[in-house]
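S.K.: Each chain is listed here by its residues.
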Amino acid sequence: MNSISEIAKKLLDENRVSAVVGYSIGSLPNKTKTVIVKSSQQAEKLIFNNLCVNNLAIYLTKSFRLTTQKPVAVVMKGCDVKSVTGLIQEKQIEREQVFIIGVKCNGVSEDGKNLSPKCYSCKLQTPKMYDILVGEEEEKNIEFKNPFSDVEEFEKKSLDERWNFWMNELEKCVKCYACRQVCPLCYCEKCIVDKTVPRWIEPHTSKSSNLSWHITRAFHLAGRCTGCGECERACHHNIPLSLLNKKMAKVVYDNFNYQAGLDDKAKSPLADFKFQDKEDFIR
Amino acid sequence: MSRIGVFVCYCGENIGRTVNCSEVTQRAAKLRDVVYSVDYKYMCSDPGQQIIKDAIKKYNLNGIVVASCSPLMHEKTFRHAVVEAGLNPFLCELANIREHCSWVHDDKRNATDKALDLIRMMVEKVKKNLPLDTIKIPVTRRALVIGGGVAGIQAALDIADGGKEVVMVEKSPSIGGHMAQLSETFPTLDCSQCILTPKMVDVNSHKNIKLYTYSEIENVKGYIGNFEITIRKKTRYVDDSICNGCGICIEKCPQKKINSEFNTNLGTRKAIYVPFPQAVPNIPVIDKENCTYFKNGKCKVCEKFCDRNAIKFEQTDEFIKENVGAIVVATGFDLYSIEKERSDNYQGYGEYGYGKDPDIINSLQFERLLSASGPTLGEVTRPSDGKIPETVVFIQCVGSRDKSKGIEFCSKICCMYTAKHTMLYKHKVHNGKAFVFYMDIRAAGKNYDEFVRRAIEEDEAIYLRGRVSRIYREKDKLIVKGADTLIGKQVEIAADLVVLATAMLPQKDTVPFAQKLGIGYDKYHFLSEAHPKLKPIETNTAGIFLAGACQAPKDIPEAVAQASAAASKVLGLCSNDQLEREPYVAYVNESSCIGCEFCLQSCTYSAIENKSIVNSKGELVKKVAYVNKGVCQGCGTCVSICRSKSIDLAGYTDEQIYSEINSMFV
Amino acid sequence: MEEKILTSQFEPKIASFVCTWCTYTGADLAGTSRLKYEPNVRIIRLPCTGRIDYNLIIKAFENGADGILVSGCHPNDCHYSSGNFYARRRFIVFRELLQFIGIDVRRVQFAWVSAAEGAKWAKLVNKFTSEIKDLGQFTNYQKIKRDIFLEEAVI
Amino acid sequence: MKNFKIKNDYKNFVKGLLSLNYLVIAPKYENGILKFSKIKNAAEILSPSEYINTVSSTKEYFFPQTEPVIKFTFEGKEIFLKDVEIGKKPKVVLGLRPCDAASFSILDDIFQYEYKDEFYFTRREKTIIIGAACESNDESCFCTTTGLAPDSSQGADLFIEKNNEEEYFLRAVTEKGERLVEQLIAEVEELEEEPKKNPLYEKIEKQIRKKIDLIEAKKWLDNNFENEKWEELSSQCLSCGSCAYLCPTCHCFDIVDEVNYNSGVRRKNWDACQFDLFTLHSSGHNPRDTKAKRYRQRVMHKFKYYADRFDKTLCTGCGRCIRACPVNIDIYEVVKEFAPLVEQN
Amino acid sequence: MINIYKPYLTRIQEIKIETPDTKTFKLRFDDSEVAEKFNFRAGQFGEYSIFGEGESTFCIASSPTRKGYIECSFKIVGKVTNALKKLDVGDVVGFRGPYGNSFPLEEMYDKNLIFIGGGIGLAPLRSLIWNCLDLREKFKDITILYGARSVSFLVYKDELDEWEKRADIKYYKTVDPGGETKEWNGKIGFVPKILDEICPKPENSVAITCGPPIMIKGVLKSLEKLNFKPEQVITTLENRMKCGFGKCGRCNIGKTYVCIDGPVFNAAELNQLPMDY
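Protein chains in written order, with the numbering used here: chain B, 1 to 283; chain F, 284 to 949; chain C, 950 to 1104; chain U, 1105 to 1449; chain H, 1450 to 1726.
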């Protein structure tokens, strides 16, 4: 019945992949658990439903980085594939190293009730890139919302309001760096905050060093973040990290007409320039 | 901890007038890790330098801060002094308390405080300075010249005469370039081939020049002093080591009616041909597209008649590797093609009818009509019916200086050659009338304006200031409609022939070529010099120089002058076994580099490459960035782009800058 | 010193990051031309504006800068041909980020000053200094930083 | 120990508390999350029925995320050390669930083992802990496994419960607690007899995840340092450290220096065993170089090592790590992998 | 309030460059009262710090019998050691300690002692060796075997010469094959192999070893072959530490904290530890 598990079984039986990364039933009612299936006996665990919020592209980087020649199969929604595109673009993986089990998606939910904010305005209910596609059900129309509406709303606030807002939010940060750890594009082996010579970002928590970290995070993801929202989901203090990420995406889109995760051949906007880039702010 | 010495200079009164140097010296002595601090009237003087040298020894200093003038002024002086005392020169920094402090401030209190701040910042920086060694790069003392036009020829000859070997690569079957196509040259009207041919022969016979014609650059690897070039020698189907250029094959070839590129399609050639009689090398090429054998599988007449068996139908492209230390790029120009339909960014000149009417030609075609070796043997006739044209209209700035067509620059040479054309035409067709539509006459150059005046005054060329709006045929005549803006009237001329002075553009495919070399180009694809004023010959890739019209429109003397300049640069480079460079280059922390290649993408100089890290079993662990020290110029763009700060710039490391910032406001 | 700050006019602290080929040389020219300008700027010399990362600016703010002046070669004049273009792009994005967070971007000024523009440099410094004087001390940032060393949470 | 009835309502009691010279810390919604924060007026207080538990634990008030241990200044070539003053103002932490209150009786052991960490204990001594019994639970709670219950008062100085008439009363657990109540005599009155237990607590206890036999769990751990399970259990872990940062009993830290130009501070900052840099030697060697080893350390530390040394489990079943884990690694399920449930009557 | 994190201020009195990457500092306490009262036992360690850079853990390399100062030897590998390397005589170093257990000196009385050291691992042994030499009459035979990967990586060269000359010590030195120089008059070969050659008798003996992990492994094997009982073999471990007193939670090997239960372990205890940490 469950075609993902059948596909996984087949891939593993035929020895085509070293593992299948996917979702299984979680231990809590509104959560799914991510699993790395390595044998076909375990493949039946794999499921897909509207609680599969996680972006499994993370399992292609960091400690999961592939050392074997054999590819790994990953269950991916259309939005997750953008991260893979980014990783290919940034030479972290090669297309052949990942077998994408694309799933058609009608939106996912973090709490079992409400649609995840990242799902509004989704244009990728069917993944753009995949090796096999599952999910026969028809695409339901997801309500369209201007993805930048909250950014635009926020920009209307005064300078002081914005500052106070962020100071209140960032004060909560305990620097666990979970936002970094779950981000598929934060794949550095040694993050700038872990570098001690010199230490650009102090490791303690205070408004200023938290600000410094969050500026760094947002800036390093500018033009790269695909908006999967994992950072915000992982933040147990509910810091609105997506707001920063979206702002960066908007700036990059407005100024350089670039959207992350769509073209694996494109140059990243901050490693690039155009002669006619705007300079009205320069004296 | 570090043992820093601070040396405060009064610079006579220059610093001392506004900065209280003795106070600065005393306060500097109390800074962390400063073990010695002293002031002196002129630190750059011999006794001043001696103070530094003595202090280094006496106090065992391992960092020096000289508070004096701009480092651009005396950094070298003090670093040299420091070396004499046995310290690494890069452990000496200058705090600029003159140009940036005493000279620009009036208030003594403020200036003194600021001077101390500047010193403190430098003390903190120098503590993090690392001893550096100048970078030495071995030099292969040979050069590559790309392009066999007059610029390439001149550069090659100058380098070869200077005693260094030259490899010359020309993509067409013969060297000579556009100059070989010209009839006479301005402003002296001497015969182009007469002055060029001897140089071409020289190139061929010079013991230091290795000539590859009908060849192209396949690949360029390496960096200044150490380029490895792969040359694609295209298939001639004629063995150039056997052929003696007797020409019997050409005589016997049955395929006759092929447009001659050299004659700008105004004449014909065979399927086996040399482009022009004086070609160097005088070795024919088979034009595969038009050869009967290649088309039908039968013929081989040339092979039958060649008594040296030089025809080789089975020949294939050959790849040759050459190592050189420097490269001169002299790929020249191409004329802006004026057909209406275009694939590039420019607009065509459909309204002028070029390509539709055979009597509307471009200036290079007119050169061939004028040339004694041209298709008409020097007789000026109309391509349509061979009639001698009695009225010729020359239109200048076709393409050039025309924003609407996408080209804003002035092609520079058109004013001069159009004047020349009117003269040469008049000399050949005495009753002919030459009209010139022009925008401005730009004739700056030795004897140039005199030349134009001569065309107008002696050879009666009629200059009309204005643009032509339309050209159309009425029976035998071409009606040229235009404006004479000086009298403010529309004019209409019934012409027999129209010559368009079209814009100059770089050779087609310059972009992939420039990318192969890793050099810059502008929006018209002209190759970019490293600095428009101070480095007009260099490119931003060290060891690659520019000559001739590949950089911008140029006339012959300019191209030749630049070629000689490039040659002198090459000779300068090749006069040493080794190159020395300041060690301000980027370096990679391989343990934290993750190989995202952002640095590689953003490096202007292509100095960053991929490097594979393998484990003891030989398995690939990861790919990291690798900086080629010979190529890196030390701008540090990569450092900013690296998110994990896995790349740093020697001399301006993150730690040094961090220390400066940290001590800036205390 | 502290008393002076209280009684006299506010003197802003301005950090400046400049490239060595154009602006640093331009500032030298201002000196050789004996042009006078405000003494509030502390220059850090870098090879190119391309070397100026955002974290230098954050660090300068953390260290108490009231304003930051970044300057390098005009477009197409970059000694390294394109470092300033990368910098320009970086600052387009970074300024927007600062603004979004609620930092007045008038405190971060980007400028092109060539080696010949000593006068421009002097004028720029004066104008920027007076602008920062008008904006006042960057207390927002200095407050959050001060927490660390002085006002330790006593709880 | 005595029991006291809260005379008026809970908010009035808090008002009384605020009138004393204490810093009152209690659960409060701040910037969208429920967190232990300073209470300025009684209106802000949530009664024990109004929340399950906070996002983060209360350990930060005893063992802050970042804490200066010594300050230093540079004057010329000299260095001067300056002590850090803490615990100037006494605190009351109010409304801790049994799982949080119990954490202190666990942490006390390690912070005084051989060397007494006065930074922790100064705060401990200057703080009165008022626990509150749970009136609801969620799917993550598993305190019964660690020997606690919705109404266990372990670790608290005072404990708030409901009697079976749905009235709040205070149970004095320590003398320190009792002394505080004595100052609040206007708000409370002493109860003569032991109040009747509210059946709610038993009901909740039954709703909570079934109790796992930790003795069996430890036995398994004793023998299974090497086991393939570790790899399997940790394979999807992202090393984000959320579990450790939210855990009321995790207490690992790093010591880091920070400097300005002329002064600096040495700090204790929270750290987490799931980070790969945690045990990395500067030589590059890392004894816990894989996630399996790090996860094993986490589980072993909680259910074996701590028990070996202090005979206590380094876990109170608060469920925070389960709620926070972005990939749903559930420590309860993990322990259940190798230990049976306790038979219940 | 007693602040267990507060270091003593010490000042560098002497610096010795041992090898290309190792230095020894002789530190004197700033506070004379501390200097007088300070006591430690061989095998204990401390947290050495540069203010502003951080702390680093090394053993105390000097003998407790030499009062008034302590010595430490460190290899330059990380941030702190790189900063330490730059210090001069007179500079301030922070010191917290002594921490950890120590060598069971009293249990070694009247026994034959065999010291087996490798590279910088000689540092903790050196503390004990001098301790024993200063109380020479309490011990029977003393044998020292010391090796390094090459001649330039031998530490405490002056003292090695002294030990070589002393009649009351059997001293063997070795370098790894390929690490010798022309003048080298010691043995060539890995330490465990040389140990096999020396063939010390296990009767009434204690072997104390410290060095790189691979060497310790080999030495333990050799000693086992030579019939040393695990209780007769003592070694000292190192692991990454921050606090030094069992709080920060990173140096444990299984349930054992290297900082408080160690760093000195005998082979019997070592066998109880999970081998790969």
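These aren't lab readings, by the way, just hints derived from the structure by calculation. There's no promise every hint is true.
[As the list claims (entries may be wrong)] Okay, derived cross-link-like pairs now, DSS-like style, lysine-lysine, Cα gap no bigger than 27 Å in a straight line: (1) K1072/C - K278/B; (2) K313/F - K1534/H; (3) K313/F - K195/B; (4) K900/F - K91/B.
[Stated by the list, open to error] Heads up, incomplete: computed chain F residues facing chain C, CB under 8 Å, no partners named: (5) N393; (6) L549; (7) I944.
Yeah, the Cβ is synthetic: ideal placement off N, Cα and C, and Gly gets one too.
S.K.: Next, verify each hint and record whether it holds.
M.R.: Hint check:
no. : hint             : in the structure
1   : K1072/C - K278/B : holds (23 Å)
2   : K313/F - K1534/H : holds (23 Å)
3   : K313/F - K195/B  : violated (31 Å)
4   : K900/F - K91/B   : holds (23 Å)
5   : N393             : holds (4 Å)
6   : L549             : violated (41 Å)
7   : I944             : holds (5 Å)
Checked against the numbered hints above, the structure breaks hints 3, 6 and satisfies the rest.
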